[in-house]
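Protein sequence lines, in the order shown, are assigned to chains A and B.
3 is the number of the first residue of the first sequence in the working numbering; add one for each residue after it.
3 is the number of the first residue of the second sequence in the working numbering; add one for each residue after it.
Hint data in this document are derived by calculation from the structure and do not stem from the laboratory.
It is possible that part of the hints are untrue.
[Unchecked claim] Example chain B residues on the side facing chain A (calculated, C-beta under 7 Å, incomplete):
(1) Leu40
(2) Pro42
(3) Asn46
(4) Ala47
(5) Thr48
(6) Ile51
(7) Gln75
(8) Phe79
(9) Ala172
(10) Tyr179
(11) Ala181
(12) Pro195
(13) Arg199
(14) Lys202
(15) Pro211
[Stated by the list, open to error] Some chain B residues flagged as far from chain A (calculated, every beta-carbon gap over 12 Å):
(16) Pro15
(17) Ile44
(18) Asn98
(19) Asp114
(20) Gly158
(21) Cys160
(22) Glu201
[Stated by the list, open to error] Here are the simulated lysine-lysine pairs, DSS-like style, with alpha carbons at most 30 Å apart:
(23) B:Lys122 / B:Lys100
(24) B:Lys50 / B:Lys73
(25) B:Lys141 / A:Lys199
(26) B:Lys165 / A:Lys309
(27) A:Lys203 / B:Lys166
(28) A:Lys274 / B:Lys45
(29) B:Lys206 / A:Lys167
(30) B:Lys85 / A:Lys242
(31) B:Lys85 / A:Lys314
(32) B:Lys45 / B:Lys165
(33) B:Lys85 / B:Lys202
(34) B:Lys147 / A:Lys248
(35) A:Lys203 / A:Lys136
(36) A:Lys203 / B:Lys45
(37) B:Lys147 / A:Lys274
(38) A:Lys314 / A:Lys194
(39) B:Lys165 / A:Lys136
(40) B:Lys10 / A:Lys274
Ideal Cβ positions, reconstructed from N, Cα and C, are used throughout, including at glycine.
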Amino acid sequence: MAQNIFCSAKIDKEDLMDSEKLKKMNRRAFLKGTATAAIAGGAAVTTGCKGKGLLGSSEAFALEFQEYFKNHYRLMTQKERENTVSRLERLARLRQHIDLDIDTTGPSDAVLYGYAFNVTRCEGFMECVQACVKENNLDRKSNTQYIRIFEMEHGQMSPDQGNGKYFHMVPRQGHFYMGVQCFQCDNPPCVKACPTKATWKEPDGIVVVDYDWCIGCRYCMAACPYWGRRFNWNQPEIPKAEITRKQHYLGNRQRVRGMMEKCTFCIQRTRKGKLPACAEACPTGARVFGNLLDPDSEIRFVLENKKVYRLKEDLGTEPKFWYFID
Amino acid sequence: MKKPITIKKAFYPVLFCLVLGLFIFFYPLTAFSGESGLLPRIKNATQKIEQKHQFEASIPTLKQIVQVNMKDQGGTFFTQARKSEISRFKCSTCHNNKPVTSDNAARISHADIQVVHGNKETLLTCNTCHSDADRDFLKAGEQTKIDFDHVYDMCGQCHFRQKKDWIGGAHGKRVTYWAGERVVKNCTSCHNPHSPRFEKQWPKTYSVPLK
């Protein structure tokens, strides 16, 4: 295209002026301009023709088209975040006929989330797993679960040795139960492994994924020593009635095929002051959640008064998830 | 005669450069001195945080709670009330030394309650906890009455370790919110006082193998 302009510039004097202008324009600005023009054009074309085409409603197509050109979540301005949220909500309305409430609440000051798990108290009822699947809109088809509960014999130390697929009356004599999920490491290896910076640690300690920036290379999955990450092998399927409507952009909003996802300590709940779904569902009180920087919090009481340990502490990943015994 | 070791003045700049070079070389190691790690950061966070205002807007005032008559590490806290959960409270409406005239007296008697609590050495009966003198209260010893809402005082007489953990937050759990005013579940919110051990049950779901 530039070649053409250059050729014609040789012939006409007025066109020469144009080409001079174009030369001054750098490549980045040119591409940016083209992209903007494409978006505007695409939107104009698609919104122009009313009614339903091959690709569903034209409005939905236009919105989806614009979604392709949004920025990385951390680089977005507040306005851009609001725009993409309203687009996603409108898309859900058009495509699935549901009203979502996606929020982008940021981290609070002086908050660092931490978790403690009482291995003496857990009885393996798995109510946390059920609550997690429901809260986080996890794929029902492939049975994706963030939490895994291992049935371990007394004396076993690592969940590698435990039985993660038990299904019998619990608790069983001579066994204890150990829950494993993403530990929200303070020094997360998954973040270092990501080639597109689609995953990062928020200031309140939660490791999140920008689902639209993830390319699905699964390097993070390989880097995580705790098997804390999950991959969407297929398009997630959730019964419409069971979709959690209160969502967070970095949390439980709906994913598509080929993206990584992970436990976010229920970012949509915890940033509003609520307990994560697993901690709220636990019938035995084995799960303690709180602010590590608050000296009066329950998690600090556990850390200061109980025998605590972390999984694979020698790796230096500094997980913010402690196990403790009574 | 020994000659004292002297450094020629010409070497002063070399020495200076050497010291400076060593300093610059080893300076990055201070990053690993533990000042900025996770655990020191938690340990150093000893300042009280007024978090209540941060999440105030999203936290409703929970109903049916009572203030616990003890203090935890952060001051006062609340627990779920019990009396509002007992459907036939007050007990003295029936237990009042008058003849029972109700037709369904057999049905509303407490024959369904089985006490699976305590062991052979410490046998528990109704009157171990329930006051005979004032039916609307629990008792500690013969003199002290305990309100049903403050049942943790009752349980804590034997289960003092659990009570200590409960006050601090290692036993039991908070109600819905981790932030804001601390409201925890009462003993009887989770445990049936007459048979406090959790019953065996089937897991709510199952896990498929990861690999």
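Taking the hints in turn, this is what the structure says about them:
1. Restraint check, Leu40 (chain B) versus chain A: the minimum CB separation of about 4 Å is within 7 Å; hint holds.
2. Checking Pro42 (chain B) against chain A: minimum C-beta separation of about 11 Å lies over 7 Å; hint violated.
3. Among the interface hints, the one on Asn46 (chain B) is violated; its C-beta lies about 9 Å from the nearest C-beta in chain A, farther than the 7 Å criterion.
4. The closest approach between the C-beta of Ala47 (chain B) and any C-beta of chain A is roughly 4 Å, which is under the 7 Å cut-off, so the hint is satisfied.
5. A least Cβ separation of about 5 Å between Thr48 (chain B) and chain A falls short of the 7 Å threshold, and the interface hint therefore holds.
6. Because the smallest distance between the Cβ of Ile51 (chain B) and any Cβ of chain A comes to about 5 Å, under 7 Å, the interface hint for this residue holds.
7. Using the Cβ-Cβ criterion of 7 Å, the hint placing Gln75 (chain B) at the interface with chain A is satisfied: the shortest such distance is roughly 5 Å.
8. Here the hint on Phe79 (chain B) is broken, as its CB sits about 10 Å from the closest CB of chain A, past 7 Å.
9. Contact between Ala172 (chain B) and chain A, as hinted, is supported at the beta carbon level, the nearest pair being about 5 Å apart and thus within 7 Å.
10. A hinted interface residue such as Tyr179 (chain B) counts as satisfied when its beta carbon comes closer than 7 Å to some beta carbon of chain A; here the least separation is about 5 Å, so the hint holds.
11. Hint status for Ala181 (chain B): holds, given a least beta-carbon distance of 4 Å to chain A, under 7 Å.
12. A least Cβ separation of about 16 Å between Pro195 (chain B) and chain A goes past the 7 Å threshold, and the interface hint is therefore violated.
13. For the restraint placing Arg199 (chain B) at the interface with chain A, the shortest Cβ-Cβ distance is roughly 10 Å, beyond the 7 Å limit, so the hint is violated.
14. Contact between Lys202 (chain B) and chain A, as hinted, is supported at the beta carbon level, the nearest pair being about 5 Å apart and thus within 7 Å.
15. Among the interface hints, the one on Pro211 (chain B) holds; its C-beta lies about 6 Å from the nearest C-beta in chain A, closer than the 7 Å criterion.
16. Every CB of chain A lies more than 12 Å from the CB of Pro15 (chain B), the least distance being 41 Å, so the non-interface label holds.
17. Non-interface status of Ile44 (chain B) relative to chain A is broken: a Cβ of that chain comes within 12 Å, the nearest being about 5 Å off.
18. Consistency note on Asn98 (chain B): stated as away from chain A, and its beta-carbon is indeed over 12 Å from all of that chain's, at 37 Å minimum.
19. Remark: the non-interface label on Asp114 (chain B) is consistent with the geometry, its nearest Cβ contact in chain A lying 22 Å away (cut-off 12 Å).
20. With a least beta-carbon separation of about 16 Å from chain A, Gly158 (chain B) lies farther than 12 Å from that chain, consistent with its non-interface assignment.
21. The Cβ of Cys160 (chain B) lies farther than 12 Å from every Cβ of chain A, with a closest approach of about 16 Å, so its non-interface assignment holds.
22. Distance check on Glu201 (chain B): its Cβ comes as close as 10 Å (rounded) to a Cβ of chain A, failing to clear the 12 Å threshold; non-interface status is violated.
23. Between Lys122 (chain B) and Lys100 (chain B), the direct Cα distance comes to roughly 35 Å. Violation of the 30 Å bound is thereby established for this hinted pair.
24. The straight-line distance between the Cα atoms of Lys50 (chain B) and Lys73 (chain B) is roughly 16 Å, inside the 30 Å bound, and the hint therefore holds.
25. A hinted pair counts as satisfied when its Cα atoms are at most 30 Å apart, and Lys141 (chain B) with Lys199 (chain A) does not qualify at roughly 62 Å.
26. For the hint pairing Lys165 (chain B) with Lys309 (chain A), the CA-to-CA distance comes to about 17 Å; that is within 30 Å, so the pair holds.
27. Restraint check for Lys203 (chain A) and Lys166 (chain B): the C-alpha separation of about 35 Å exceeds 30 Å, so the hint is violated.
28. Note on Lys274 (chain A) and Lys45 (chain B): the hinted pairing holds, with a Cα-Cα distance of about 25 Å set against a maximum of 30 Å.
29. As the CA atoms of Lys206 (chain B) and Lys167 (chain A) are separated by approximately 13 Å, the hinted pair is consistent with the 30 Å bound.
30. Between Lys85 (chain B) and Lys242 (chain A), the direct Cα distance comes to roughly 40 Å. Violation of the 30 Å bound is thereby established for this hinted pair.
31. Between Lys85 (chain B) and Lys314 (chain A) the CA atoms are separated by roughly 46 Å; this puts the pair beyond 30 Å, and the hint is violated.
32. Taking the CA atoms of Lys45 (chain B) and Lys165 (chain B), the gap is about 25 Å. The hint holds against a cut of 30 Å.
33. For the given pair, Lys85 (chain B) sits about 28 Å from Lys202 (chain B) by alpha-carbon distance, which is consistent with the 30 Å threshold.
34. With a C-alpha separation of about 46 Å, the suggested pair Lys147 (chain B) and Lys248 (chain A) falls outside the 30 Å cut-off, and the hint is violated.
35. For the proposed pair Lys203 (chain A) and Lys136 (chain A), the alpha carbon gap of about 24 Å is at most 30 Å, so the pair holds.
36. A threshold of 30 Å between alpha carbons decides the hint, and for Lys203 (chain A) with Lys45 (chain B) the separation of about 21 Å falls inside it, so the pair holds.
37. At roughly 40 Å between alpha-carbon atoms, Lys147 (chain B) and Lys274 (chain A) are farther apart than 30 Å, so this suggested pair is violated.
38. Between Lys314 (chain A) and Lys194 (chain A) the CA atoms are separated by roughly 18 Å; this keeps the pair inside 30 Å, and the hint holds.
39. Proposed proximity of Lys165 (chain B) and Lys136 (chain A) is contradicted: the alpha carbons are some 33 Å apart, above 30 Å.
40. Proximity of Lys10 (chain B) to Lys274 (chain A) is assessed by CA-CA distance (about 69 Å); at most 30 Å being required, the pair is judged violated.
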